[in-house]
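The lines below spell out each chain.
Number of protein chains: 2
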Amino acid sequence: MKIIGELINASRKMIATAIENQDREAIQKVALDQFENGADFIDINAGIFVEKEADHLKWLVKNVQEVVDAPCCIDSPDPQAIEAALSLHKGTAMINSISLEKDRCDALLPIVEGTDLKVVALCMSDEGMPQTVEDRMKIADELVNKLLQKNVLVDNIYVDPLVQPIATKDDFGIEFLNAVEQIMTTFEGIHTICGLSNISYGLPERKFLNQTFMIMAIAKGLDAAIVNPLDKRMMANIIAAGALAGRDSFCANYLKAFRAKKFEF
Amino acid sequence: MKIIGELINASRKMIATAIENQDREAIQKVALDQFENGADFIDINAGIFVEKEADHLKWLVKNVQEVVDAPCCIDSPDPQAIEAALSLHKGTAMINSISLEKDRCDALLPIVEGTDLKVVALCMSDEGMPQTVEDRMKIADELVNKLLQKNVLVDNIYVDPLVQPIATKDDFGIEFLNAVEQIMTTFEGIHTICGLSNISYGLPERKFLNQTFMIMAIAKGLDAAIVNPLDKRMMANIIAAGALAGRDSFCANYLKAFRAKKFEF
Chain A
103 MKIIGELINA SRKMIATAIE NQDREAIQKV ALDQFENGAD FIDINAGIFV EKEADHLKWL
163 VKNVQEVVDA PCCIDSPDPQ AIEAALSLHK GTAMINSISL EKDRCDALLP IVEGTDLKVV
223 ALCMSDEGMP QTVEDRMKIA DELVNKLLQK NVLVDNIYVD PLVQPIATKD DFGIEFLNAV
283 EQIMTTFEGI HTICGLSNIS YGLPERKFLN QTFMIMAIAK GLDAAIVNPL DKRMMANIIA
343 AGALAGRDSF CANYLKAFRA KKFEF
Chain B
103 MKIIGELINA SRKMIATAIE NQDREAIQKV ALDQFENGAD FIDINAGIFV EKEADHLKWL
163 VKNVQEVVDA PCCIDSPDPQ AIEAALSLHK GTAMINSISL EKDRCDALLP IVEGTDLKVV
223 ALCMSDEGMP QTVEDRMKIA DELVNKLLQK NVLVDNIYVD PLVQPIATKD DFGIEFLNAV
283 EQIMTTFEGI HTICGLSNIS YGLPERKFLN QTFMIMAIAK GLDAAIVNPL DKRMMANIIA
343 AGALAGRDSF CANYLKAFRA KKFEF
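Residue numbers (this note's numbering), protein chains in the order written: chain A, 103 to 367; chain B, 103 to 367.
Source of the hints: derived by calculation from the structure; they are not laboratory data.
Some clues are possibly wrong.
Just so you know, same-sequence chains aren't split out, so a pair can sit in one copy or run between any two.
[Claimed, not checked] No more than 25 Å apart at the CA atoms, straight line, and that leaves these computed lysine to any residue pairs for SDA-like:
1) Lys240 with Ser113
2) Lys104 with Glu277
3) Lys364 with Arg308
4) Lys334 with Gly323
5) Lys364 with Leu305
6) Lys248 with Cys207
Please take these sequences and the hints and turn them into a complete structure.
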């Protein structure tokens with residue numbers, strides 16, 4: 103299971119302030135905390151700073167990678183900003199995200215073409231947000247094929263089927279879950295990923311619902327997630343679900359995490 | 103989701119003592135507590151009293167049904183003991199369980215034939231415990247067909263794919279989960295059920311693992327469970343997973359349970 107630490111996102115006030123003040127220490131602490139609690143990638147998002155997004159992403163890459171030995175997940179829809187961030191990045195970054203929206207797709211494909219970059223392929227098109235498994239499979243099929251044609255390896259593609267809130271429609275959860283399963287069985291060797299907090303929008307005990315939904319998604323095959331690695335129950339859920347899903351040889355990760363007493367079992 | 107309350111089991115010391123002393127009040131309290139916390143069926147098991155099992159089951163049926171308006175799940179491999187318990191039972195009981203073991207199957211089929219009884223069909227045969235999805239499907243197929251031939255409605259059949267510990271073999275969890283999914287899609291209108299505490303045998307934080315595995319099983323289609331309804335986190339998991347799986351119209355059960363403040367969200 104690949105963990106993408108989601109906390110360095112400028113939509114969070116504390117991060118926006120740190121970026122504005124160029125507060126290296128604050129950003130580096132958040133990066134390090136996430137890394138030490140299991141993040142494989144550190145997501146960086148400076149989307150609220152429209153004019154300065156590229157500069158801020160470069161600053162984030164530089165400062166994050168100064169303290170953690172992990173790649174970044176460059177979280178932007180803007181190809182120029184992504185290229186700026188990549189120019190300073192060490193190792194193999196993840197791009198979050200390409201979609202089937204024409205402008206975004208056309209601009210991002212040349213950037214990932216023939217590279218080793220990992221790419222989040224978001225199931226969204228100019229026709230809007232997908233609702234059913236079929237909607238998602240149609241977009242995934244087209245998007246994955248476009249990436250494969252540009253010599254992106256299937257193992258570098260992380261399809262995000264796009265979570266929508268169950269408070270809006272009863273079957274939004276199960277349609278997402280079944281899409282995860284179908285993507286994993288249709289494209290051999292591919293990955294699925296998501297940020298899942300939208301699932302609980304409009305309902306009480308959102309954190310609990312998000313934690314529960316993560317376990318369900320892992321049961322259906324999800325193998326990467328954009329989460330808060332400091333959420334000790336979430337991380338315990340991910341580790342336990344991985345073992346229960348047969349992805350943890352001799353339950354070694356589970357036992358190691360249990361002994362480290364870092365998470366909330 | 104059907105909940106079978108598992109606490110009235112004579113393998114628990116407190117229950118064995120209550121049965122031996124014919125302590126009506128003690129048994130009735132356990133029955134009522136489970137019912138009030140969401141049990142649809144009250145499991146009764148007096149298996150440790152080999153000679154007196156039938157008498158004790160009758161006593162349990164009578165005293166449980168005196169205080170709760172719910173059917174029992176008669177938990178015994180012995181056809182005589184089951185028939186004795188049924189003789190006093192009001193409403194439609196569940197029988198736990200028939201299997202493909204020849205003696206057990208031959209003796210129990212005539213009891214359920216043409217009735218409205220609900221039947222747990224355990225995936226076990228004289229060849230032993232199943233390990234893979236295929237092992238389970240082979241047994242389920244034969245057993246379900248035997249029941250259908252005896253005019254048991256598919257809606258009254260609850261297949262238990264039989265949980266085995268992941269500490270024994272990494273893929274015992276996922277093979278069980280995939281069997282749940284395959285049973286639910288192969289036999290339209292059927293149910294799946296399990297007692298799942300075996301999954302965590304030999305590992306630390308068993309309660310947490312059991313709670314997590316329950317969510318995964320619901321994601322794969324499980325729609326009945328033999329659990330402790332007084333486990334507030336387990337019940338919260340079941341209710342939340344039901345809503346996330348699209349089985350809770352307008353999240354009404356989830357919201358009701360949240361407002362009742364009975365469970366641990």
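Here's how the hints hold up against the structure:
| no. | hint | verdict |
| --- | --- | --- |
| 1 | Lys240 with Ser113 | neither (31 Å within a copy, 53 Å between copies) |
| 2 | Lys104 with Glu277 | both (23 Å within a copy, 23 Å between copies) |
| 3 | Lys364 with Arg308 | both (22 Å within a copy, 17 Å between copies) |
| 4 | Lys334 with Gly323 | within (22 Å within a copy, 27 Å between copies) |
| 5 | Lys364 with Leu305 | between (29 Å within a copy, 17 Å between copies) |
| 6 | Lys248 with Cys207 | within (9 Å within a copy, 56 Å between copies) |
Hint 1 alone, counting from the list given before, is not met by this structure.
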